[in-house]
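Engineer: As a plain string of letters, each chain reads:
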Amino acid sequence: MDWIVHASTYADSVDNAILLITWLVGFWFFLTLGIFFWLIIRYRAKPGVDAQYLTGGEAQPKKFITWIHMLVLVCDVFIVVAAIRVWVEVKQTLPETPETQTVRVIGQQWAWSFVHPGPDGQLDTPDDIKTVDDLHIEVDRPYIYELTSRDVMHSFSVISFRLKQDAVPGRVITGWFQATKAGDYMIQCAEMCGIGHGLMPATVHVETPEQHAAWQASQSGGAMLAQAGR
Amino acid sequence: MRPVATTRSTSGMTTGRLAVWWVICSEIVIFGGILGSYIMSRIAHDGWGHIGFAGSTNAYIGLTNTFVLLTSSLFAVLGHYAAEHEQDGPKAARYLYLTAGGGGLFLCIKAFEWTTEIGHGLTITANNFWSFYYVAAGVHASHVIAGMIIMLIVAQRAKKNLDLHRVELVGVYWHFVDLVWIFLFPLLYIAK
Amino acid sequence: MATAEVTHDAHDDHGHHADAGFVKKYLWSTDHKMIAMQYLVTGMAMALIGGFFAYVFRMQLAFPGVDVPGFGIVSPAEYNALVTNHGTIMIFWVAMPVLIAAFGNFLIPLMIGCDDMVFPKINRLSYQVFLLSAIVLVSSFFVQGGGFGGAWTAYPPLSAVSAYNLTPLGSTLWVVAVALEFVAFLLGGINFITTAMNSRAPGMRLYDIPMAVWMIVVASILFMASVGPLIAGAIMLIFDQTLHTGFFDPAKGGDPVLWQHLFWFFGHPEVYVVLLPALGFVAEIITTFSRKPLFAYRTVLYTVFGTGILSFTVWAHHQFISGIDPRMAHIFTITTLLISVPIAEMMFVYIATLYRGSITLTTPMLWALAFLGEFLIGGVTGIFLGASGPDIFYHDTYFVLAHFHYTFFPIAIIGSFAGLTYWWPKITGKMMNETLGKIHFWGTVIPFNLIFLPLFVLGQLGQHRRIYSYEGFGELMRDDVLLGMGMQDLRILATTALVVMLAFQFVFFLNVFLTLRKKEKDAGSNPYDANSLEWLAPSPPGHGNFAELPTVYRGPYEYSHPDRKAKGTDFWPQWEKE
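Protein chains in written order, with the working numbering: chain A, 1 to 230; chain B, 1001 to 1192; chain C, 2001 to 2578.
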C-alpha cells in the first residue's frame, strides 16, 4: 500500500495486515456482488417461466451454505491472527535497547507540546528541550512516547508512521515508534477536542543524527521556545 | 373502547404482565449501568471506604429503610392475595395504601438522612463517591415516587373492584424497586 | 387518512367516530396508523434538517471559507455543531422514528391481524415524548453559545465541562433531548413487544410471523437491553454539566473512558437496532417481487437472534486506541470478526432468495436490491475496522465515515424509501408513479456512491474526521491521487454529488404530492398479490383495520407453491383458508 509513505518500522506490518484483509474481503465481496447481479439478471420475470418454490430447507443448498460458512470462518481466523500480531507489535511491546529515548507528548486545546530529552538523552534534566507543534527526533532511533492531555480527550496521530493513540487527561499513556525515513511528517489530532480541533496540526521532524545534533545545539538549554507552527 | 388487540393472549402471558416485565427489564439495565459504573469506580479508588466517603453513610438509617421497604412489599403481596384470591377490591386497595405509605415513610427517612448529610458538607459535589450515592439513591427514590403514584391510581380503581389484575402488576414493579434497594444498601452503606 | 368505515362489532360505542375533529384525529389520536404518520412526518422533517446540515458542512469542506448559500460563512464552532447534530439527528431522529416507530406502528397490528396496539394511550404518549425530544434538540441550536459541537459521541471532558466546549446551554439541551428520545422509544417498545407476542391472529404461530415484525420486535428488545447504561451515563453527564460533579472529570477522580464504555455498550447494539427493521422490509419486498419464499426463514431468524446477542460483546472495537487496556483489544477483535459470520449468512440467504425467482424490478424492489448491494460494501469495510491492528491506522479517518455511511445510508435512507414505496399503496390507497419513482431511485443511489467512494479514498490517505478545513494540512492536500484528481478535488466531487442527490429528493416529494392529489384510490387492497395480512385490509385501512379480523392458515412467504400453480395463481395469502 504505497498510498502513504511508510516512515516507521511498524508501518509495513500495519499495511501488510490491511493488504491481507483487502485480498480476502475483496474476494468474497466481488464473488458475492457478482452472484448477486447475475441472479437479478438471470431470473428476471419472463412470461411463462414460474418462480420455484424453494424454502431453503432442501438438503443440497444447505450443504452448500455450510461450506461457505467454514470458508468464511477460516478467513476470519487468518484476519484475526494478522490483526493481533500487528496489535501486539505496536501496542503491547516497548523497545528496551540502550539507544531508546523517551519524549513527552502533551495535547491541549489547541496545540501539541513536546518535551525532548536534550543532548544528555534523559528526560527531566535541565537540558530538556520544550517545543510547541514541532517534534524533533532522530531517524532509526527507537522512541518511547509518554502521552497525556491537559484538558479534554485528544489523539496523537502520525499517519506516515501508522501511529495513533488517544491522549486521556489524568493519565499518561505509553507507546513507541521508530522512524525509518528522514523528513517532515504531519501530526493530526484524531479526537474531537473543541472548536480548535482542526486547528492543531503539528509536525514530526525526522532528522539525521547530524541534523538532530544541530537542532539541539540551536536550542538554548532548557528554555521554553514557542516555535511557529507550520 | 379498548382494541380487540388487548383481549388476546397468544403468548400465554397476559399483556399487562408482559408489559410490566418489559419495563422491569429496561430498568434493570438502567440501574445496572449506574451500579456497574459505581462498582468499577469504587474498585479503582481504595479510599472510598473511609470517613468522608462511604464510611460516613449511616448504616442504621439504611437498615431502617430496608426494613420499611421490605414491609411495604409484604403489604403489596397481601394486596395481591386479596385482589386475586379473595376478589376483594377494597381490601386490596387498603393494602396498596399501606404499601404506598411505606414508600412515603421511606422517602421521609431519606429526606431526613440527606438533610443531615448535606448539613455536614457531604453534598453531591463533595467527592465522586457522594456523586454516585446521590445519583443512585436519587434515581431509586424517583422510582419509589413513581411507584407510589401508580399504586394510588390502581388503588382508586381497585376500591371499586375494577382492574383488579393491576394490583399484581404494580406489586411486581414495587418488588423490583425493593430489590434495587437491596442492592444499593450493601453497596452504599455496608461496604466500608 | 383513516376513513371512518366502522363495521366492526367491538366498536359499538364509537358512534361519534366519523366526526372526530382535526385535533382528535390528527394530534391526539391513539390509532396506531395515525401515530405512525406522526412519527413519519416528524422523522422526515428532521431528515431535511440533518440533510441540510450535511449540505452546509460539505460545502465548507469543498470550498473552505466560502459563504455557503443558505447559511453563510461556516465558523469552526459552527462546523463542529453541524457535524455533531447531523449524526445525532440522522440516528435518533430519522432512522429510529421512521424505521421502527413509523413502520412498526403502522405495520405490526396489520401484519399480525389485529385492530390496534395493546396500549394505545402509551403509544400516543411515546410520540408526544418523542416530539418533545425533537423540540428540545432543535431548540439547542438557538440558545446562547449555539448547539453542542462535541461530536455525536459526546466524549467527556469536552462534553461535560462548558469551559472546554463553550456551549453550556446547547450541551445540556442536547443530552436532555437524547435522554427524552430514549424514554420515548422505551415506551414505544412496550407496545411492539406485547402486541406482536400477544395479539396475533388465531393460527399465527411464531414461524408464521412476517420478518418485518420479527425484526422490529428484536430491534426493540436490543434497544431496551442496551440503552440502560447510556441512560445512566446521560444522567451522570447532565450532573457533570450542571452541578459540576466529577463522574467523568479526572481532576475530580472521575474517568472519561467510563463514558465511552457506557456509550458504546449501547452504541454498538444500536446499529443493529436500526439495521434489523430495514432488513425486515427488504425480506417482505424481495419475496413479493421475486414470487418466492424467503430462503431459510428459520435460519434468518436464528442469525438475527445470534447477531443480537453477539452485538453486546463487540462494543470496544470503537475504543481500541482510546486508552483501554491493550489486552482487551484481542477479545473485541475476535468478537467483532465473529459477528461478521451471522451477518454474512443473512446476506447470503437474502441473495439466495433471488435464485430461481421471477423478478420484477419495481421501485420498491430496486430499493431493496440497492440495500443489499450497498450494505455489502458497508459490511465488508467493517472488517478492516474490526481488526485491531489495522484499526490503528483507520480509526478516526474518513474510512470509518465512509464505512458507516455505507451501512447507515442503506439502513436509514434506502430502507425507508424501500418501505415507503412498498407500503405507500396501503397507507394512502393510491399507487405512486413508477417513472418518478425510478428517477428518484437512480438519482439517489448513483450520487450516493459518488459521495462516499471518494471518502474511502480520502480515508485511505489518512484524512481525519471532524476537521473543518484541510488547508492547513499539507499531506492532505495532495494532487493526483486518483484518476488525475487531487484530494481537494475528491472533496469537491463528494460535495457536488451530495448536492445532486439532495436535488433529486424533490422528485420524491413531487411523487408524493401528485399521488396524494389523485382523486381516486386506485391501489385496491392487494396491488402486489402479496401474502401477508396487511394486504387483506382495505387501502387505506379504516379504524379497526379489518372488516373481520382474520385467521391465519400458513406462513407469510408461500409464493409459487406447486399446489397453487394448479389453480393458476402464484401466491397463497395467509388469510385464505384453502
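The set of hints was computed from the structure by calculation and includes no laboratory data. Think of the CB as a built atom: it goes at the ideal place given N, C-alpha and C, for glycine as much as any other residue. Don't take each hint at face value.
In silico DSS-like cross-links for lysine-lysine, where the CA-CA straight-line distance does not exceed 25 Å [claimed, not checked]: (1) C/Lys2518 <-> B/Lys1160; (2) A/Lys46 <-> C/Lys2252; (3) C/Lys2430 <-> C/Lys2518; (4) B/Lys1160 <-> B/Lys1091; (5) A/Lys181 <-> A/Lys130; (6) C/Lys2565 <-> C/Lys2577; (7) C/Lys2252 <-> B/Lys1192; (8) C/Lys2521 <-> C/Lys2430; (9) C/Lys2025 <-> C/Lys2519; (10) C/Lys2519 <-> C/Lys2438; (11) B/Lys1159 <-> C/Lys2577; (12) A/Lys46 <-> C/Lys2438; (13) B/Lys1110 <-> B/Lys1192; (14) C/Lys2025 <-> C/Lys2430; (15) B/Lys1192 <-> B/Lys1091; (16) A/Lys46 <-> C/Lys2567.
Now the in silico label distances, taken between C-beta atoms and shown as ranges [to be verified]: (17) B/Gly1055 <-> C/Ala2163: 31 to 37 Å; (18) B/Ile1118 <-> C/Ser2075: 53 to 59 Å; (19) A/Pro95 <-> C/Ser2075: 39 to 45 Å; (20) B/Ile1028 <-> C/Val2143: 52 to 58 Å; (21) B/Ile1149 <-> A/Leu33: 55 to 61 Å.
Engineer: Hints first: check each against the structure and report whether it holds.
Structural biologist: We went through each hint and held it up to the structure:
Restraint check: the Cα-Cα separation between C/Lys2518 and B/Lys1160 comes to about 52 Å, which exceeds 25 Å; the hinted pair is violated. Between A/Lys46 and C/Lys2252 the alpha-carbon distance is near 71 Å, which puts this suggested pair outside the 25 Å criterion. For the given pair, C/Lys2430 sits about 8 Å from C/Lys2518 by alpha-carbon distance, which is consistent with the 25 Å threshold. Distance restraint check for B/Lys1160 and B/Lys1091: the Cα-Cα separation of roughly 11 Å lies within the 25 Å cut-off, and the hinted pair is therefore satisfied.
Between the alpha carbons of A/Lys181 and A/Lys130 the distance comes to roughly 23 Å, so the proposed pair stays at or under 25 Å and holds. As the CA atoms of C/Lys2565 and C/Lys2577 are separated by approximately 16 Å, the hinted pair is consistent with the 25 Å bound. Between C/Lys2252 and B/Lys1192, the direct Cα distance comes to roughly 21 Å. Compliance with the 25 Å bound is thereby established for this hinted pair. Restraint check for C/Lys2521 and C/Lys2430: satisfied, since their Cα atoms lie roughly 5 Å apart, inside the 25 Å limit.
A threshold of 25 Å between alpha carbons decides the hint, and for C/Lys2025 with C/Lys2519 the separation of about 21 Å falls inside it, so the pair holds. Between C/Lys2519 and C/Lys2438 the alpha-carbon distance is near 23 Å, which keeps this suggested pair within the 25 Å criterion. A hinted pair counts as satisfied when its Cα atoms are at most 25 Å apart, and B/Lys1159 with C/Lys2577 does not qualify at roughly 47 Å. Between A/Lys46 and C/Lys2438 the alpha-carbon distance is near 21 Å, which keeps this suggested pair within the 25 Å criterion.
Between B/Lys1110 and B/Lys1192 the alpha-carbon distance is near 20 Å, which keeps this suggested pair within the 25 Å criterion. As the CA atoms of C/Lys2025 and C/Lys2430 are separated by approximately 21 Å, the hinted pair is consistent with the 25 Å bound. Straight-line distance between C-alpha atoms of B/Lys1192 and B/Lys1091 comes to about 43 Å, which puts the hinted pair past the 25 Å bound. Between A/Lys46 and C/Lys2567, the direct Cα distance comes to roughly 20 Å. Compliance with the 25 Å bound is thereby established for this hinted pair.
Remark: the range hint 31 to 37 Å for B/Gly1055 to C/Ala2163 is upheld by a beta-carbon distance near 32 Å. A hinted range of 53 to 59 Å for the beta carbons of B/Ile1118 and C/Ser2075 is inconsistent with their spacing of about 43 Å. Judged by the Cβ atoms, the range 39 to 45 Å given for A/Pro95 and C/Ser2075 holds: they are separated by roughly 43 Å. About 35 Å separates the C-beta atoms of B/Ile1028 and C/Val2143, a value inconsistent with the hinted range of 52 to 58 Å.
Taking the beta carbon of each, B/Ile1149 and A/Leu33 are about 57 Å apart, inside 55 to 61 Å as hinted.
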